[in-house]
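Visitor: Spelled out, the chains give:
There are 4 protein chains.
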Amino acid sequence: MSGNSIGTLFTVTTFGESHGPALGCIVDGCPPGLALSEADIQPELDRRRPGQSRHTTQRRESDRVTILSGVFDGVTTGTPIGMLVHNEDQRSRDYDKIKKLFRPGHADYTYEQKYGRRDYRGGGRASARETVMRVAAGAVARKCLEEKAGIRIQGWLRQLGPIELDCPDLEAVYQNPFFCAEPARLPELEAYMDALRKEGDSIGARINLMAAGMPVGLGEPVFDRLEADIGKAMLSIGAVKAVEFGAGFAAVAQKGTEHRDEITPKGFRSNSAGGTLGGISSGQDLLVSIGLKPTSSIRLPAATIDTEGQAAEIATTGRHDPCVGLRATPIAEAMLAIVVMDHWLRQRAQNADSRSATPVVPASIPGE
Amino acid sequence: MSGNSIGTLFTVTTFGESHGPALGCIVDGCPPGLALSEADIQPELDRRRPGQSRHTTQRRESDRVTILSGVFDGVTTGTPIGMLVHNEDQRSRDYDKIKKLFRPGHADYTYEQKYGRRDYRGGGRASARETVMRVAAGAVARKCLEEKAGIRIQGWLRQLGPIELDCPDLEAVYQNPFFCAEPARLPELEAYMDALRKEGDSIGARINLMAAGMPVGLGEPVFDRLEADIGKAMLSIGAVKAVEFGAGFAAVAQKGTEHRDEITPKGFRSNSAGGTLGGISSGQDLLVSIGLKPTSSIRLPAATIDTEGQAAEIATTGRHDPCVGLRATPIAEAMLAIVVMDHWLRQRAQNADSRSATPVVPASIPGE
Amino acid sequence: MSGNSIGTLFTVTTFGESHGPALGCIVDGCPPGLALSEADIQPELDRRRPGQSRHTTQRRESDRVTILSGVFDGVTTGTPIGMLVHNEDQRSRDYDKIKKLFRPGHADYTYEQKYGRRDYRGGGRASARETVMRVAAGAVARKCLEEKAGIRIQGWLRQLGPIELDCPDLEAVYQNPFFCAEPARLPELEAYMDALRKEGDSIGARINLMAAGMPVGLGEPVFDRLEADIGKAMLSIGAVKAVEFGAGFAAVAQKGTEHRDEITPKGFRSNSAGGTLGGISSGQDLLVSIGLKPTSSIRLPAATIDTEGQAAEIATTGRHDPCVGLRATPIAEAMLAIVVMDHWLRQRAQNADSRSATPVVPASIPGE
Amino acid sequence: MSGNSIGTLFTVTTFGESHGPALGCIVDGCPPGLALSEADIQPELDRRRPGQSRHTTQRRESDRVTILSGVFDGVTTGTPIGMLVHNEDQRSRDYDKIKKLFRPGHADYTYEQKYGRRDYRGGGRASARETVMRVAAGAVARKCLEEKAGIRIQGWLRQLGPIELDCPDLEAVYQNPFFCAEPARLPELEAYMDALRKEGDSIGARINLMAAGMPVGLGEPVFDRLEADIGKAMLSIGAVKAVEFGAGFAAVAQKGTEHRDEITPKGFRSNSAGGTLGGISSGQDLLVSIGLKPTSSIRLPAATIDTEGQAAEIATTGRHDPCVGLRATPIAEAMLAIVVMDHWLRQRAQNADSRSATPVVPASIPGE
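So the protein sequences, as listed, match chains A, P, X and V. Its first residue numbered 1369, the first sequence is counted upward by one per residue in this note's numbering. Its first residue numbered 1369, the second sequence is counted upward by one per residue in this note's numbering. Its first residue numbered 1369, the third sequence is counted upward by one per residue in this note's numbering. Its first residue numbered 1369, the fourth sequence is counted upward by one per residue in this note's numbering.
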């Protein structure tokens, strides 16, 4: 394929450009018997929707999703689920000025060279709007995982530029536009973003993710390890430049005695591995962290070239997120849900009748 | 599939366990007309071979590769290339003592739970020996990339535990068992490893990788971005817990003005992106960095459980690398080569007749 | 996947049920630079559209296709092409009577058992309406094949029940609702269908297909031979129960001296093989023939069971084609185009720079 | 991929040429816990082995298979199963005379044009020896199907040139080199083959196949219908030019009242469909029939061209089967087993927890 599908058994294929008439996706392989309606998907789309605070792009999209197939009498039938979201607020004239310029840090130049042409309106397929259908598909995966497998996916903002954040209150994530789990720090984040916007610059972010309630056994050695497939899914999100699991890069300076997660009948003593052993889920929480680069479209001018290859200067004045990471949490959650769902089906396919004599170890020792 | 294949058009499928009779792979989709013999592959296998210094496992394997198909009159024919390496030094009795114990940090427990059984001899399929065939397949990709596309792959040791290293001399990488590009620091590395071995502990490492001579245009939006597929390939290697591209996690604290790589007719002014824009190669060097955890098999005892779920203690006395990262360089190079090769073919399939009117920008400004 | 995608590089994924709001598809991997609009696709949809003669179902659908992505300034961009057709004339109440009955010869019973439920309205996903998006996707493939490769796809009615037909005039196929290439026989076909409709019964049909202008070299040994992939595509069409290439089943009683297609510098002397040798196109015309079963939904009552497993009788009174084969020609052409397009891209990927010293043999000897 | 793999979850990848050192395969996705050794596979290889009667090629190969991975303590572990068969009797000098000639009906010409070169020794990858590993992989699928699902695969010779055969005694198939289920006709077959060999010509054949004990529910609409995937697998076998299911091409002239298989609580009244409804197994026996062309390599001379494109004459004097169909039965059985196994896993993945309230209908009415 040309890369617009993901998943072996729970397969998501998407289409759509920033300024085309609509975005859509097909979710193939969803188990039948899952109660599903637009009401299950819309809240997830609303979480990533632009224009909800002054810190994100002011493009106004209602992002109303329609389910076109795969559901009958309110329940999935096992056939592919087609979904559609219409674009509404396409101010394509904003983009006339970049028709002949390549924005640094954007896909403009590489699309032009790869395909010999490009849809320059709002980045075309390379726009962050492409992620709308990831979230819609992820909502299906998420509901299925929760109801059929008891697996819960949750992400939160771990770092905004220089500001590192803790995670004392996961519920708070749903109550602020930063997806911040440390609500006391919200004024600090607000102030930082206000200053940044005034400055005309942008900033990176780090998002942490967790899948709790994981069964042991998901993930396929060798090439389709759970980390490998999750890592791919994360790195397929526009601005993501790094991904790590558990201790991640910190493991480089760790000794074996420090890193290894000792096992006891009452549970694992630690989770440096981030929830996998040998590429297979251990039953511990999956712990993933991703790093997002700062938005490339900023008001401050930069050197670039035009479509004839001549030197030029560019300053972006369209509607853009000064921190793409601020809206990345529901997108990354969706990708995590899609991959875990796929591996849940894959595990069942090969090993539905396999049973070990060894009892399953709890995720962690209570009280530790 | 169950995860033992990678690649859409240049497809590598592997088999084999640490203590089985042999390891093998099938490389499907290699273009015809490439001069190829065992002599092209053996040097890469020798680079990752154990027992070449006192710092790696003392298992003695000659790792002689045999090409069984796909080559005629010294040239690839376009049919699948089967390759085989026999295991020789399988001291399986070493493993009797772990038959009923799960080594922390290893795949023992998860294989047992996933499949209801496991080949406990040397980790079975989860052994580092599994990477032999990755290197063999990677050698084919590498030769093809160099000869047909002018792309060169190179990795080096960036960090050994607390010791960070520079890269002043890429040629030196081939002349020391650490794959270290800063040869003046070799005594320091030797001393660190000697102390570690005495201590009975293990340590993590960081490897950097580069693909030079990249054409613009490789990588498939949306889900099969070049970073996504490379990231997956890296995270599919046993001990890898983190991967980043270009500025990587450092981009989290960067501003847009700092991160974005300005474009001039003479070249890109920087390479924070690590060689891609929008998931597509920009023609700049691909820059990848991976973090490997410390070896889990160490002499110092740890808490674990046995196959009945009872508490136990384990100390590994088999032959193991105290730093798996030390031999990871050729393995990671192989994975990078396989992914880039695959995308080189994919790009040609869809876009062989696409041409842009815009001239290609040099990778970097000479002298900067 | 769960089977709603086809193709490795030119990938078509479809969704939609007979009585849902819409049918849709995503065409991924289409080369950029192809002039494309709805006007290129609509004529193919119109060819398969129901209600165009009294011999096909009287369901009234305008089948207006909308392109939602992948095209900019009238030209494909290389990104996925999303297309949509709304259902209009869904008389779902017609189906209340079969809500609790399984129609013999239909997918009702197997969907129920496979998924534990089914969308009984008009067969749901198992309806012939599912083929709408095959035709839309096929129109893209067809245009690309004609313009980029000079390959032309053509099908015609070879047999209607007992009536065997010749193919003296391929142009005529476009001028009658039977896709008959022997226009003098049209009154005979009309009379047969009128009698059949009066009788309340249905009948099978045979369609022949040809791809002319084939280059030599398409098809991938071993499992993805050109015949294998075409055969799969044909057998994926609802009522198709048989497929053959060239001499087909007649080859069973042929001797080698009769069957083998001798080669001369001026061309092949015959085409028993149907255009392939060793699963690879020989440059001769691809010759495919498919057999379609009679429509299962007929007025004459049949024994069946109800959803409780009790004996029942059923007579279908909805709007149905008495010969599904009558509308199968554009569908089969579409599938042929999709497969050939996929293999044209696959061939280019691996072998774009391979050249043989042997001159290409003409498809056939002129005048023979 | 380049076509040397088949299957989504039960994936078989093969390599090897007629005159290379060995043939091999990797079976990925086999469920763990299956007792497996070479003794389970060798009998199937022996069934297809050449040189067992005077009617097949006199090439002498012992075809001893070795399992190299995936089995531990006599039981599959869930990891990929590598298997190898060495070539022994490669009289490559026999092929010097065809080095510069293209055999009509063979893949010589198309391989040369596709890849720009070819391994001319015995047809290289296009040799019937390629099927050895299909049979080895099929033996694993077959054992797994029998033990885990109660599905039994059986094929037999339905027609040898002009001689049509019945199937009164399936056990007899294992007791004669023709795979003939009507042992009384064996002298007739022997006489036909003796005359044919004297004549220097070759002949086609038809093989019928059955899968009994099928559960309802296997097969994935739309593109991966059970017939579609089986049809592809059959047409991927060298000489197969046609495939049909149930009534097959005879359905073209059938009326709906005749073709449709009525359903009663005691069973289906007929099996015109050949065991599927809507691409999904109905629980009835799968009925498949394939047509094989006559061997192209015969003693009687034919017109051809040489590698420079000049007219030439060729007469094949190597060791060849005068009827490739005679050894095709175990090969076709293997392919059927591989596809059914794959779909058995796919069905379990998506629908393991789906249950219909409708009771399952028996395959057929007892006594009818």
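For the record, the hints were derived by calculation from the structure and aren't laboratory data. Misleading hints may appear alongside valid ones.
Intra- or inter-copy, both count: the list cannot distinguish identical chains.
[To be verified] The calculated lysine-lysine pairs, modelled on PhoX-like cross-linking and capped at a C-alpha distance of 20 Å, are:
hint	residue 1	residue 2
1	K1623	K1516
2	K1467	K1623
3	K1634	K1468
4	K1634	K1623
5	K1623	K1566
None of these values were measured; they are calculated from a predicted model.
Visitor: At most 20 Å between C-alpha atoms: does K1467 with K1623 qualify within a copy, between copies, both, or neither?
Guide: Neither. Shortest intra-copy (53 Å) and inter-copy (25 Å) distances fail the 20 Å Cα cut-off.
Visitor: When no copy is specified for K1634 and K1468, does a C-alpha distance of 20 Å or less occur within a copy, between copies, both, or neither?
Guide: between (63 Å within a copy, 18 Å between copies)
Visitor: Evaluate K1634 and K1623 at a C-alpha cut-off of 20 Å and name the case that applies: within, between, both or neither.
Guide: neither (24 Å within a copy, 46 Å between copies)
Visitor: Quick one: K1623 to K1516, C-alpha cut-off 20 Å, is that within a copy, between copies, both, or neither?
Guide: Classified as neither; 39 Å inside a copy, 42 Å across copies.
Visitor: As a check of your reading, is K1623 near K1566 (CA-CA no more than 20 Å) within one copy, between copies, both or neither?
Guide: between (45 Å within a copy, 13 Å between copies)
Checked against the numbered hints given earlier, this structure breaks hints 1, 2 and 4; the rest are met.
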